[in-house]
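Engineer: Taken in sequence, the protein lines are chains A and B. Quick note on numbering: this note's numbering labels position 40 of the first sequence as 40, and the sequence is numbered without any gaps. Quick note on numbering: this note's numbering labels position 165 of the second sequence as 165, and the sequence is numbered without any gaps.
Since the hints were made in silico from the structure, they are not lab data. Backbone N, C-alpha and C fix where the C-beta goes; we use that ideal spot for every residue, glycine too. Mixed in with the good hints there might be a few duds.
[Claimed, not checked] Distance condition first, Cα-Cα at most 20 Å in a straight line; then the derived EDC-like pairs of lysine to aspartate or glutamate:
| id | chain 1 | residue 1 | chain 2 | residue 2 |
| --- | --- | --- | --- | --- |
| 1 | B | Lys94 | B | Glu140 |
| 2 | B | Lys94 | B | Glu144 |
| 3 | B | Lys94 | B | Glu53 |
| 4 | B | Lys94 | A | Glu68 |
| 5 | B | Lys94 | B | Glu130 |
| 6 | B | Lys94 | A | Glu90 |
[Claimed, not checked] What follows is a list of derived Cβ distance ranges for each label pair:
| id | chain 1 | residue 1 | chain 2 | residue 2 | range |
| --- | --- | --- | --- | --- | --- |
| 7 | B | Arg178 | A | Arg106 | 24 to 34 Å |
| 8 | A | Gln233 | B | Ala266 | 50 to 60 Å |
| 9 | B | Gly116 | A | Glu97 | 18 to 28 Å |
| 10 | A | Pro109 | B | Thr145 | 43 to 53 Å |
| 11 | B | Gly180 | A | Ala6 | 41 to 51 Å |
What follows is the residue order along each chain.
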Amino acid sequence: MADLLAVQAAFAAALRDRAAAPDATSCLAGDPALAARRLGIYRANVAATSARALGAAYPVARQIVGDEFFDALARAYLAAHPSTSGDLHEFGAAFAEFVAAFPHTRSLPYLPDLARLEWAVHRAYGAADATPLDPAALAAVPPGRQAVLRFLLAGGTAVVQSAHPVARLWEIHQPGFDGAFDVDWSVAQSALVAREGLRVTVTALAAGEAAFLSAVLAGVGFGDAAASALAVQPDADLGGLLGRILSAGLLAGLSFEDS
Amino acid sequence: MKLAGEAPGAATMTMSPATAVGIGLRQPHYREAFERRPALGFVEVHSENFFHEGGASLHALERAREAWPVSLHGVGLSLASADALAEGHLARLKRLVDRIEPALVSEHLCWGGVGGVHFNDLLPFPYHRESLALLVERVERVQETLGRRILVENLSAYVEFRDSEMTETAFLAELARRSGCGLLLDVNNLYVNGANFGFDAQARLAELPGDAIGEIHLAGHHVGEDGLVDTHDARVAPAVWALYAAACRRFGPRPTLIEWDAQLPALDVLLDEAAQAAATARDATARERSDG
Chain A
1 MADLLAVQAA
11 FAAALRDRAA
21 APDATSCLAG
31 DPALAARRLG
41 IYRANVAATS
51 ARALGAAYPV
61 ARQIVGDEFF
71 DALARAYLAA
81 HPSTSGDLHE
91 FGAAFAEFVA
101 AFPHTRSLPY
111 LPDLARLEWA
121 VHRAYGAADA
131 TPLDPAALAA
141 VPPGRQAVLR
151 FLLAGGTAVV
161 QSAHPVARLW
171 EIHQPGFDGA
181 FDVDWSVAQS
191 ALVAREGLRV
201 TVTALAAGEA
211 AFLSAVLAGV
221 GFGDAAASAL
231 AVQPDADLGG
241 LLGRILSAGL
251 LAGLSFEDS
Chain B
1 MKLAGEAPGA
11 ATMTMSPATA
21 VGIGLRQPHY
31 REAFERRPAL
41 GFVEVHSENF
51 FHEGGASLHA
61 LERAREAWPV
71 SLHGVGLSLA
81 SADALAEGHL
91 ARLKRLVDRI
101 EPALVSEHLC
111 WGGVGGVHFN
121 DLLPFPYHRE
131 SLALLVERVE
141 RVQETLGRRI
151 LVENLSAYVE
161 FRDSEMTETA
171 FLAELARRSG
181 CGLLLDVNNL
191 YVNGANFGFD
201 AQARLAELPG
211 DAIGEIHLAG
221 HHVGEDGLVD
231 THDARVAPAV
241 WALYAAACRR
251 FGPRPTLIEW
261 DAQLPALDVL
271 LDEAAQAAAT
281 ARDATARERS
291 DG
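Next up, chain A with everything else stripped away, as it sits in the complex (with noise of 0.2 Å):
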């Protein structure tokens, strides 16, 4: 009796591969002919499922490639980067290194940068709620302080740098959006999500708001990351940008670097 290991192995194999089929039908009880058409049903199954979770979690790239396209593109993802979990919110991650390095859609320079953009907003979606930070606790900072103050942002928050109008694309695909269906290529726009509530948002950030987001994100202080916005944008309005990350509720706690 070949064992359980042995006959999953098969099985695998011919789900993943229609050439492998007769070593699992050799495993299966039937006549072959049918046994073989139907593992054919579940190689159906296992490529519309992960086309449908795919295209849950990049519900803008589907748009803009369409159905038929997108459904191609998924199973040549899943052959280059099958499930490796039992929660399908999981697949998916590395959609944007594959659609950047895939000959057809070379032509879609801003995919790449949409489909990380879409990521980030998939995690927001299930991250954990945060309670905000009372704005008290920010104005209590010493001033001798604040350059080793460390942000800490609500879970789901990111920052996603593009050459590209990402925030915009992303915006004019959203279900309900009734404005002029427009887009400003020669923009490059990083975006921010974030999860405000329920809610995940997406809002276009300046050069200088994109570096400093990305600075506290990875957990630099307030004086260097600052530092590093004024040095890619001069006139970077920080103090703006503070104010509607504490009125969206974003900031979650705060630290110092050196304790």
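With chain A fixed as given, assemble chain B onto it according to the hints.
Structural biologist: This is chain B only, laid out in the frame that chain A set:
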């Protein structure tokens, strides 16, 4: 609301009453279901859809939990995989169970992946002593971790294995006896397999221990060229209603769920199917009482 069997370590897991009928609650129906709060015995969701740490999905499930008893139905634990048990997956299931305090927790008699690759599908395997020993150990481990009994569901399948030494129903009966787990009898799956493999589904009911059955599933299937396919995208077929009536006559009423996952219809269609399940169970058990 505290249901019998919710407490960790409870020896039995029964949903009261046994005549409860419920529906699979899916995201497109949330708004309407929360507004109308239909009188359902319970609702069921896929556990993995709520493995998040926070956010809108979990918030919706907590709202559902305020309105109805909730059943958590896992689709990704891969109990029968030759790979090691996915500890991270089990830990997230435990976190969810602790948070929601569901009335029922169920998993499938299947594997979903091997060699580190997951197919996110419910795959069959040979039913023999080796696989039975593995399943007993796994189910015990899951029940120990969750601190409660789970239900294990029979699978719809399109292929059978040469190495099988027993039927799936006999395998489940032995699994329940040795691990102490309950069973989730999917009547549509049993019917689909009977048609696909040429056995008498009603006769197989006799192999199941009635006391262990904690829930029944009903769903629609598709008649394909190479056999029946368990699609969960249609009303329950007449022959499946007949098999359900036979199960009710044999086992008495059990909490029964209408599962509908693809091409989701209006909420009212699901409620109508649930009402038909209640009526079928009532008629079948009344007839049984008057016959007996």
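Engineer: Does each hint hold? Answer for all of them.
Structural biologist: Against the structure, the hints:
In summary, the hint linking Lys94(B) to Glu140(B) is supported, as the alpha carbons are separated by about 14 Å, within the 20 Å threshold. Restraint check: the Cα-Cα separation between Lys94(B) and Glu144(B) comes to about 11 Å, which is no more than 20 Å; the hinted pair holds. Between Lys94(B) and Glu53(B) the alpha-carbon distance is near 12 Å, which keeps this suggested pair within the 20 Å criterion. For the hint pairing Lys94(B) with Glu68(A), the CA-to-CA distance comes to about 39 Å; that exceeds 20 Å, so the pair is violated.
For the hint linking Lys94(B) to Glu130(B), the alpha-carbon distance of about 27 Å lies beyond 20 Å, and the restraint is violated. Restraint check: the Cα-Cα separation between Lys94(B) and Glu90(A) comes to about 18 Å, which is no more than 20 Å; the hinted pair holds. For the hinted restraint 24 to 34 Å between Arg178(B) and Arg106(A), the CB-CB distance of approximately 57 Å leaves it violated. At about 52 Å, the beta-carbon gap between Gln233(A) and Ala266(B) stays in the expected band of 50 to 60 Å.
With their beta carbons about 19 Å apart, Gly116(B) and Glu97(A) fall inside the hinted range of 18 to 28 Å. Separation of Pro109(A) from Thr145(B) is about 47 Å and conforms to the stated range, judged on CB atoms against 43 to 53 Å. Take Gly180(B) and Ala6(A): their Cβ atoms lie about 30 Å apart, and the range 41 to 51 Å is violated.
Hints 4, 5, 7 and 11, counting from the list given before, are not met by this structure.
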